[in-house]
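Given only the sequences and the hints, what does the whole structure look like? Please build it.
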Amino acid sequence: MNPDNRPFWDGCRAHELRFQKCFHCGLVRWPPATHCPACHETASEWIVSEGKGRIYTYVVYHVAYHPGFKDDLPYVVAIVELEEGPRLFTNIIGCGTEDVSCDMPVEVVWEDIHEAFTLPKFRPVP
Amino acid sequence: MLMELGGDEEVFGHFGAAASYALAARRAMHTFRTGPETWRHIAVGQRKWANLNPRAMMHDRTLNDEEYMAARWLVEPFRLFDACLVNDGGRAYVVTTAERARDLRQTPVLIMGLGQHNPSNAPQDATYLAGPTGAKVAGEKAFQMAGVTLEAVDACEIYDCFTYTVEITLQDYGFFGPGEGEDWFNGHTIEPGGRMPVNTSGGQLSEAYYMGLTPLTEGVMQLMGRCGDRQLGDKTGTKTPEIILCSDNGGILQSHACAVLRRM
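Top to bottom, those sequences are chains A and B. Reading the first sequence from the start, the letters are residues 13 to 138 in my numbering. Reading the second sequence from the start, the letters are residues 21 to 284 in my numbering.
Derived by calculation from the structure, the hints in this document are not laboratory data. All figures in this text were calculated on a predicted structure; none of them were measured in a lab. One or more of the hints may lead you astray.
To be verified - According to the in silico footprint, chain B covers these stretches of chain A (three or more CB under 8 Å from chain B):
{"hint": "1", "segment": "26-38"}
{"hint": "2", "segment": "66-75"}
{"hint": "3", "segment": "93-107"}
Claimed, not checked - Just the calculated beta-carbon pair ranges, DEER-fashion:
{"hint": "4", "chain 1": "B", "residue 1": "Ala37", "chain 2": "A", "residue 2": "Gly80", "range": "51 to 61 Å"}
{"hint": "5", "chain 1": "B", "residue 1": "Thr260", "chain 2": "A", "residue 2": "Asp83", "range": "33 to 43 Å"}
{"hint": "6", "chain 1": "B", "residue 1": "Asn141", "chain 2": "A", "residue 2": "Trp58", "range": "46 to 56 Å"}
{"hint": "7", "chain 1": "B", "residue 1": "Gly110", "chain 2": "A", "residue 2": "His52", "range": "52 to 62 Å"}
{"hint": "8", "chain 1": "B", "residue 1": "Pro74", "chain 2": "A", "residue 2": "Ala45", "range": "49 to 59 Å"}
{"hint": "9", "chain 1": "B", "residue 1": "His50", "chain 2": "A", "residue 2": "Cys37", "range": "24 to 34 Å"}
{"hint": "10", "chain 1": "B", "residue 1": "Thr127", "chain 2": "A", "residue 2": "Gly108", "range": "50 to 60 Å"}
{"hint": "11", "chain 1": "A", "residue 1": "Gly108", "chain 2": "B", "residue 2": "Gly199", "range": "39 to 49 Å"}
{"hint": "12", "chain 1": "A", "residue 1": "His27", "chain 2": "B", "residue 2": "Asn141", "range": "47 to 57 Å"}
{"hint": "13", "chain 1": "B", "residue 1": "Leu100", "chain 2": "A", "residue 2": "Glu119", "range": "54 to 64 Å"}
{"hint": "14", "chain 1": "B", "residue 1": "Gly199", "chain 2": "A", "residue 2": "Thr54", "range": "37 to 47 Å"}
{"hint": "15", "chain 1": "A", "residue 1": "Gly108", "chain 2": "B", "residue 2": "Asn141", "range": "24 to 34 Å"}
{"hint": "16", "chain 1": "B", "residue 1": "Gly27", "chain 2": "A", "residue 2": "Trp58", "range": "15 to 25 Å"}
{"hint": "17", "chain 1": "A", "residue 1": "Trp58", "chain 2": "B", "residue 2": "Arg53", "range": "35 to 45 Å"}
Glycine is no exception: its CB is placed at the ideal position from the N, C-alpha and C atoms.
Laid out in structure tokens, this is it:
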């Protein structure tokens with residue numbers, strides 16, 4: 013965590029997906045930054061996403077490249093595109109790895125893994 | 021444990037190039053007809069070149085379609101043989117003027133054209149994972165500078181960190197349309213004796229990983245005629261090469277360079 017992305021991760025602890033929205037051009041951006049990547053203006057506000065989107069692409073890990081993920085194999089890492097625009101890396105849970113597909117509608121589900129840390133994961137929209 | 025992981029990707033268990041290229045490959049499978057059925061031709065075809073190259077790490081190990089398909093998953097949709105090798109080693113080439121090169125003992129190779137294009141978005145923001153990648157514009161620039169078209173190319177040495185990289189690069193250069201790769205590769209196209217040899221040292225999948233120098237130095241050495249049993253021409257039942265197309269790319273399809281080389 014760093015000063016730029018701390019508001020995002022603090023939002024996750026409160027079960028809110030918070031993103032910067034550019035005051036000038038309206039782009040909702042991720043990752044957080046001091047300048048808008050589209051128009052280069054600095055002024056922005058934090059907005060809360062509805063937490064709904066679709067899977068742009070995904071993979072299924074069969075190798076643990078960090079020992080901490082060994083017990084999770086096989087697990088899905090995806091890029092989810094939120095309705096507000098930002099795309100973020102996340103995990104898809106709540107369904108079999110073979111049931112995941114590109115463009116599948118998903119919604120955020122919160123995983124409180126530590127008292128100081130909550131991960132935003134996604135599951136298929138029922 | 022998660023508290024020790026630094027990044028907004030690592031906390032979800034996302035690490036390394038194989039998984040990021042697999043994300044690109046998966047999006048391509050959703051966008052056009054491709055997948056392991058296409059990529060096996062690349063892995064198996066390049067291995068046949070490595071079997072002719074005594075310096076290749078996989079020189080003594082054959083690979084067929086069944087073995088490719090039976091290999092373990094790394095990060096689905098990539099299996100073991102979709103990934104490049106891990107090795108130490110070195111490669112070099114010497115660049116000088118054509119005038120100076122004419123007087124040297126070694127047969128020189130001319131750089132006819134160079135092109136570069138770097139989309140360079142962060143992977144989660146990339147919209148080019150299923151093409152067109154930087155290869156499209158880089159290739160157009162290189163051919164424009166060279167003053168030739170795709171039809172003049174006798175062989176290709178393509179940066180092959182993963183099998184899919186070879187497919188999307190050749191597709192973006194214009195050898196075939198989106199989804200036509202399976203048919204284009206089918207029939208031993210890129211192998212010894214094939215109509216368009218690709219990665220004739222075995223490439224990074226089966227010779228060794230020297231970053232962009234695996235393809236580039238192989239292109240140079242083929243045009244110099246220094247390739248022994250894998251030499252393009254009569255020895256391998258292929259056309260004697262006048263022009264070879266080489267590629268390099270970096271990041272997660274974030275940068276691309278293309279070179280058109282010609283025998284002097």
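So, going through the hints one by one against the coordinates:
1. 26-38: As far as the segment 26-38 of chain A goes, the hint is violated, because 0 residues have Cβ atoms under 8 Å from chain B.
2. 66-75: It holds: at least three residues are needed, and the segment 66-75 of chain A offers 8 whose Cβ sits within less than 8 Å of chain B.
3. 93-107: holds (count 5)
4. Ala37/B to Gly80/A: 51 to 61 Å: violated, 20 Å
5. Thr260/B to Asp83/A: 33 to 43 Å: Hint violated: Cβ distance 56 Å, outside 33 to 43 Å.
6. Asn141/B to Trp58/A: 46 to 56 Å: violated, 23 Å
7. Gly110/B to His52/A: 52 to 62 Å: For Gly110/B and His52/A the Cβ distance comes to about 42 Å; the hint is violated.
8. Pro74/B to Ala45/A: 49 to 59 Å: Given about 51 Å between the Cβ atoms, the range holds.
9. His50/B to Cys37/A: 24 to 34 Å: holds, 30 Å
10. Thr127/B to Gly108/A: 50 to 60 Å: Holds: the Cβ-Cβ distance is about 58 Å, inside 50 to 60 Å.
11. Gly108/A to Gly199/B: 39 to 49 Å: Between Gly108/A and Gly199/B, where Cβ atoms are some 27 Å apart, the hint is violated.
12. His27/A to Asn141/B: 47 to 57 Å: For His27/A and Asn141/B the Cβ distance comes to about 29 Å; the hint is violated.
13. Leu100/B to Glu119/A: 54 to 64 Å: Taking Cβ atoms as reference, Leu100/B and Glu119/A lie about 35 Å apart, which means the hint is violated.
14. Gly199/B to Thr54/A: 37 to 47 Å: holds, 44 Å
15. Gly108/A to Asn141/B: 24 to 34 Å: Given range 24 to 34 Å: holds, Cβ gap about 31 Å.
16. Gly27/B to Trp58/A: 15 to 25 Å: Hint holds: Cβ distance 21 Å, inside 15 to 25 Å.
17. Trp58/A to Arg53/B: 35 to 45 Å: Taking Cβ atoms as reference, Trp58/A and Arg53/B lie about 43 Å apart, which means the hint holds.
Checked against the numbered hints given earlier, this structure breaks hints 1, 4, 5, 6, 7, 11, 12, 13; the rest are met.
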